[in-house]
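*Asks:* Residue 72 in my numbering sits at position 72 of the sequence shown, and the numbers go up by one each step.
Hints in this document: simulated from the structure, not taken from any laboratory.
Please note: incorrect hints may appear among the correct ones.
Here are the simulated DSSO-like cross-link-like pairs (lysine-lysine), alpha carbons at most 30 Å apart as the crow flies [unchecked claim]:
1. Lys-37 / Lys-48
2. Lys-18 / Lys-33
3. Lys-175 / Lys-192
Quick list of the computed label-pair ranges, beta carbon to beta carbon [what the hints assert, rightly or not]:
4. Phe-195 / Asn-27: 41 to 51 Å
5. Glu-187 / Arg-20: 26 to 36 Å
6. Arg-109 / Arg-172: 17 to 27 Å
7. Thr-2 / Arg-60: 43 to 53 Å
8. Gln-26 / Phe-207: 37 to 47 Å
9. Asn-9 / Asp-177: 54 to 64 Å
Built from N, CA and C at the ideal position, the CB exists for glycine as well.
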Amino acid sequence: MTDSENEGNSLDLRHQEKMRRRKEIQNREVAGKSVEKGLLVVHTGPGKGKSTAAFGLALRMLGHGRRVVVVQFIKGAWQTGERVALARFDDLLEWHTMGEGFTWETQDRARDIAACARAWDVARAALARDDVALVILDELNIALRYDHLPLDRVLAGLRARPAMQHVVVTGRNAKLDLIADADLVTEMTLVKHHFRAGVKSQEGIEF
Numbered sequence: 001m002t003d004s005e006n007e008g009n010s011l012d013l014r015h016q017e018k019m020r021r022r023k024e025i026q027n028r029e030v031a032g033k034s035v036e037k038g039l040l041v042v043h044t045g046p047g048k049g050k051s052t053a054a055f056g057l058a059l060r061m062l063g064h065g066r067r068v069v070v071v072q073f074i075k076g077a078w079q080t081g082e083r084v085a086l087a088r089f090d091d092l093l094e095w096h097t098m099g100e101g102f103t104w105e106t107q108d109r110a111r112d113i114a115a116c117a118r119a120w121d122v123a124r125a126a127l128a129r130d131d132v133a134l135v136i137l138d139e140l141n142i143a144l145r146y147d148h149l150p151l152d153r154v155l156a157g158l159r160a161r162p163a164m165q166h167v168v169v170t171g172r173n174a175k176l177d178l179i180a181d182a183d184l185v186t187e188m189t190l191v192k193h194h195f196r197a198g199v200k201s202q203e204g205i206e207f
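Whenever a hint applies, use it, and build me the whole structure from the sequences.
*Replies:* This is the structure in structure tokens:
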């Protein structure tokens with residue numbers, strides 16, 4: 001056996017031992033987790049992908065035959081690829097686009113507040129339903145950031161939901177009190193974006 005073959009075998013054995021120890025640690029960590037509960041998940045930060053990640057969870061939940069409700073607080077009624085795709089699960093999915101566009105498009109604070117209030121009424125109804133496994137509150141963070149909804153009322157609604165219901169809240173600048181209540185918070189970090197290089201929004205990527 002050559003020196004290079006001996007070295008290769010030694011590397012293989014070290015890797016095998018390293019992975020064996022890692023598996024033992026992983027098994028102990030998994031065995032120590034026994035709680036099941038509905039999670040409050042927050043996707044925030046300046047990076048792209050907050051809503052996209054939420055819709056990935058919707059697809060996963062639908063794949064398990066569970067009911068999903070999506071409430072969009074800000075985005076208008078333009079047709080998006082995710083809505084078209086997920087609409088194929090119309091027996092399990094309810095999709096409510098309640099926004100009228102971003103605040104710089106409407107330029108009407110009273111109108112924005114009224115739209116968010118209507119969206120919250122729909123969301124609150126979904127949060128009261130035992131048959132809904134996942135509620136996605138898309139861009140709710142934006143509505144809270146601009147004080148279009150009272151934060152205390154939103155937090156009370158989230159806390160009062162069924163014990164096994166999962167909720168995903170998306171949007172930049174999540175409120176600290178919402179983060180404190182959440183079970184899982186992911187901050188999307190913007191490292192590089194094609195928009196800054198003059199590339200426009202494209203079908204299948206942005207919508």
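*Asks:* All hints are to be evaluated individually against the structure, with a verdict given for each.
*Replies:* Structure-based check of each hint:
1. Note on Lys-37 and Lys-48: the hinted pairing holds, with a Cα-Cα distance of about 28 Å set against a maximum of 30 Å.
2. For a cut-off of 30 Å, the pair hint linking Lys-18 to Lys-33 stands: about 23 Å separates their Cα positions.
3. Annotation: proposed proximity of Lys-175 to Lys-192 holds, straight-line Cα distance about 25 Å (limit 30 Å).
4. For Phe-195 paired with Asn-27, a C-beta distance near 44 Å keeps the hint of 41 to 51 Å intact.
5. Take Glu-187 and Arg-20: their Cβ atoms lie about 34 Å apart, and the range 26 to 36 Å holds.
6. Between Arg-109 and Arg-172 the C-beta distance comes to about 19 Å, which sits within the given range of 17 to 27 Å.
7. Checking the proposed 43 to 53 Å range against Thr-2 and Arg-60 shows it holds: the Cβ atoms sit about 49 Å from each other.
8. Range check, Gln-26 to Phe-207: about 38 Å between beta-carbon atoms, so the 37 to 47 Å window is met.
9. One distance hint, 54 to 64 Å for the beta-carbon pair Asn-9 and Asp-177, holds here, with the actual separation near 57 Å.
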